[in-house]
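A.B. asks: Chains as they are written, first to last, in the working numbering: chain A, 1 to 391; chain B, 392 to 724; chain C, 725 to 1144.
Worth double-checking, as some hints may not be accurate.
[To be verified] So the derived label-pair ranges between C-beta atoms look like this:
{"no.": "1", "chain 1": "B", "residue 1": "Leu487", "chain 2": "C", "residue 2": "Leu964", "range": "37 to 45 Å"}
{"no.": "2", "chain 1": "C", "residue 1": "Asn1096", "chain 2": "A", "residue 2": "Ala35", "range": "42 to 50 Å"}
{"no.": "3", "chain 1": "C", "residue 1": "Thr1009", "chain 2": "B", "residue 2": "Leu581", "range": "37 to 45 Å"}
{"no.": "4", "chain 1": "A", "residue 1": "Val37", "chain 2": "C", "residue 2": "Thr1078", "range": "31 to 39 Å"}
By construction, these hints were calculated from the structure, which means they are not laboratory data. These numbers were taken from a predicted model, which means no experiment stands behind them. Note that beta-carbon positions come from the ideal geometry of N, C-alpha and C, so glycine has one too.
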Amino acid sequence: MTTTRIGLRQRLGPAREFLRGHQSLSITFGMAIAAVVLPLIVLIPPFNGFGTQKDFVGGFADAGVFVLLAIGLNVVVGLAGLLDLGYAAFFAIGAYTMAYGASGYSGLDTPFWIMIVVGAFVAAVFGLLLGAPTLRLRGDYLAIVTLGFGEIVPLVFLNADTYTNGTNGITGIAQPSLYGLAGINGFGFTNPWPYYITVLLIITIATMLVYRLQDSRLGRAWVALREDELAAASMGINTVSTKLLAFAIGASTAGLAGVFYSAKLASITPQQFEFQVSFTALAMVVLGGMGNTWGVILGAFIVYEIQSQGLHQLDAFAKSLHAPPISLGPITLDLSTINFINYQYLLFGLALVLMMLLRPEGLFPSRRRREELHEAAAEVEATAADAVSQT
Amino acid sequence: MAIDFGRWRGPIVVAGFLLAAYALMVVSAGAQAQDQFINALTIGAVYALIALGYTMVYGIIELINFAHGEIFMCGSFVSWWLLTTLGFTGAIGDPLVLGGVLVLTFITAMVVMGIVGVVIERVAYRPLRNAPRLAPLITAIGMSFILQNIVFVTISNSIVTIPQILPNTALTFGPIAIRQINLFVIVLALGLMVALQVFVRRTTLGRAMRSTAMDREAAQLMGVDINSTIALTFFIGSALAGAAGVVQGLYFGVTHFQIGFQAGLKAFTAAVLGGIGNTTGAAIGGFVIGFIEVLASSFGYGRWSEAAVFGTLILVLIFRPTGILGQQLADRA
Amino acid sequence: MRFTKLAVFGMGAVIAFGACSGAASPGASGGGGIAVKIGIELPMTGGEAPNGVPTANGVQLAVQDIQVPGFTVTISQQDDAVNGKHDATQGAKNMSTLVNDSQVLFVVGPYNSSVAQAEIPVSNAAGLMQCSPANTAVQLTKPWGSAKPTDLRKTNPDKIAYVRVATTDDNQGSGMADIAYNTIGAKSVYVLDDTQTYGKGLADAFTNTFTKFGGTLLKRDGVSDKTTDFTSYVTTAKGLNPAVVAYGGVTTSGLGLFRKQMAAQGLQTIPFVGGDGIVDGSFATASSFLQIAGDGDTNSYGTVAAIHDIPDAAAFATKYKAKFNTDPGSYSAPGYACTQIFLQALKAVGSGVTDLGQLREKIRAYVADSGNKYDTVLGSFNFDKDGDTSQHVISYYKFDPTKKDWAYFKQRDFTADPVK
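Bound conformation, chain A alone (with noise of 0.2 Å):
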């Protein structure tokens, strides 16, 4: 077992020590191949059945966004170490940026390209607001002010309606446009495919920027925080400066997510960016593994299909397969009685939790993290070893 990933190891050696040198090459190339290969799924049996490609692009479309909110709070978690529970709160500012630049409601017409850098920047803006005063504070209490951030911003756009809509949200937001440039203008609602390759360009952008910040002055002070504050500190390191960075990138990502979303779905309510929004970046993030922006990618991927389509397809195989009952003893299960969409949540938490205790890492851990996260295992096995010989 071991033996054989050395041997592929040593084989791809040189690929991947030029990939590792041309990063953002690398990554154009990767995200070139995923959006070649991904339409190409729907050929597949099992797939084949689940929809037409049409379906399949625009779902894919819907994960890009929660795609780049896992990016996003990945800088935020995975590399400064910072838990942020209110990350909804800047994909709901975004959106609602989005919806006042180009829309009937504010009866602006602002293009979704700028919109978008708009977008990203009042995110940012917010992000700083927030973190400026909080980040002084210990992590823990950053965690409990974003959450109640995350709670009081959909509060906001809910009940000031004088410059909200309030509840009604606001409609009729532009779509993209292209201006017929180059003969193509094929944004609306009933083609996914610009769609499927504007989020796939903005997905592309953010992960070579995120790459790049990682291997940058700026990324070795992330890691060199999250690994120990106070050396850092002494090391000449500003950590306010440094978290805040971190804060408004993150923020920012989500910016950029809100917009698009805002903009492909062309009507937003308060009612769509409430905590379980968070929740779900933040489960995406632990599970594709924190610190590694590929892992997160992917795992933000998974998770969104498996929520949007593998528990419906579950649930009609289950009961497709007309299983009779199983009595077990007091407890019958009955498989066409079960609804696995409901269990959505349980599986969530239940992946956390697991996750945390026997993977911390992730499902593709970054190798930076999976070893500070075993070191403090080692750790933990070493007090416990020290409790027992004391005893």
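Based on the hints, put chains B and C in the right spot on chain A.
C.D. replies: For chains B and C alone, kept in the frame of chain A given last:
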């Protein structure tokens, strides 16, 4: 501060706060000020009971136990199960039977939820005690969703009616008119809080809890069994949340699988407000939250009451992270 | 291959129609004919299943009852509930799935207005007619406040692809005001809403009509839909001493709770008026308003945004019970009516057309044409140029203490009613 209020500082702050709150009630609700005051005290008592568990757990292992709000929710479902199984549908007239059923319900809910709390600590938090701080926080969020969704898939996805066994009688004490249920809830909560204080300050186990909170390693060296002390803390904290769950049923007569999240967050705000780790502070914080909510509604800004509570949380953390009473280290437990 | 196809179409259908197989349920047994589908887009799981499932059953029943020669109609079932709650993103996605399936010619749904806001742009762009059995928010079809329905129809502003058989909240709010002012004779009111789309819209409409009648609004409050503590609002009501209390909301957002806590503070003598969120079953129905409110049931009034005097109401209920072994839900008949409209359109324009895309557009145009009249289980009506039903009848209900259930007492037609 120039004047040293000394040991009277706490009572003076509390009395001043209550007076100010009452004055605001008079301004906003006029003749209804007294009723609104009682409403605030009652809901505040519920938040205080939940906040105690939050603050005790934080005090001893520095973990925000996000699953704590769900313990409160599960406690209400335990009381629903017990009361409906016993066949009650409404108020119980016979005071002896009523007393017996009340004691039975509270003990059952408190013991069951206490055990649940201990099990959660053993399974989900203890293995991570020395892991990076992020790990147990994520586990706690996960536990919260697990508890919530177990109730969602196995019991009910909607509002569940709990028999209100306390007769709905109004009592008058001179100028004060109060419904029996309100008086019961306030007295019960205060009683449990006093009992907790006595336990923490006067008993050996309580001393073990305080010493563990202060310095775990030193306590261990002095012969305190850390694991069982932490388990005990979880038991007591969860039992108090279980009691709050029973109160939810008695007072409102309903429960729902999602009431734990918001209640937990409000109670946490209360704990932060009172100075996290400080049990007296958490109790006071619970009442403060009750007053903020009721005042918002009484002034006609009811739709903003939650935003006001969470806004308070953020402001306190930014400007006075040690809470109104401060983090009295010697008092932490 | 067969299995996987079954799996898709059966996604949610099976949840609803427990007994039938996981396949798209065969309707018209005309044998052969062109295979076409009717889509169902409703919340089918979790806490909102009680809304979606009986409605979907209505569609199922109609498809089985009514045959269209030359066509075999089957159902494509979608569920917009995520974690037990309706979800606008999921709704838009489901609508795209239905649009992408060329056999789908018509969709029944959605149930919630916020889902409709996300779906209308999609169905409008694709020219796929959808019929909501339950949406009552005014802004989906007519300008209301700052919201314009043309914002939802950006792709084809003049092409109506959304109709509804339920009448709008402004009529229902007027019905509530009519009960409060004329039936009860109240001159002053305390109004609450749950800050959600339906509840707030209804409370707005109620207040509007009630003050036009000449009544006085004492105070208007909003309460979070997540709280269970209404005691401070009850105390406010006590201080105001209104002749009636009106609440815009649904049972799950606290309608019953509020009334229960009113009773606890001795205010059950003040009459209480709610919209169709309140008329959701008898005292014996789990989680219904009447069960939760308990002592507060007395003096409670409710409206339903549908006609009560249906010629074949009893026959429909019997037929429904025979098939599903339970009484029809509030929106079973509207679901049935939407399906009747589709089948009538298919009969009228379908003969000879083999191109499904063309057929989809023909059906859309037929239903959007306000000249066409439908005889449905809800009575006879047509759609106006915005897609609203011409039937503006609101039914009034009052709590009956002896039966411990709602009792119908009156209905009023608000078509061109001067109070609006």
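A.B. asks: Does each hint fit the structure? Answer for all of them.
C.D. replies: Hint by hint, here is what the structure shows:
1. Between Leu487/B and Leu964/C the beta carbon distance is about 40 Å. The supplied range of 37 to 45 Å therefore holds.
2. The given range of 42 to 50 Å is respected by Asn1096/C and Ala35/A, whose C-beta atoms sit roughly 46 Å from each other.
3. Judged by the Cβ atoms, the range 37 to 45 Å given for Thr1009/C and Leu581/B holds: they are separated by roughly 39 Å.
4. At roughly 36 Å, the beta carbons of Val37/A and Thr1078/C sit within the given window of 31 to 39 Å.
No hint from the list above goes unmet by this structure.
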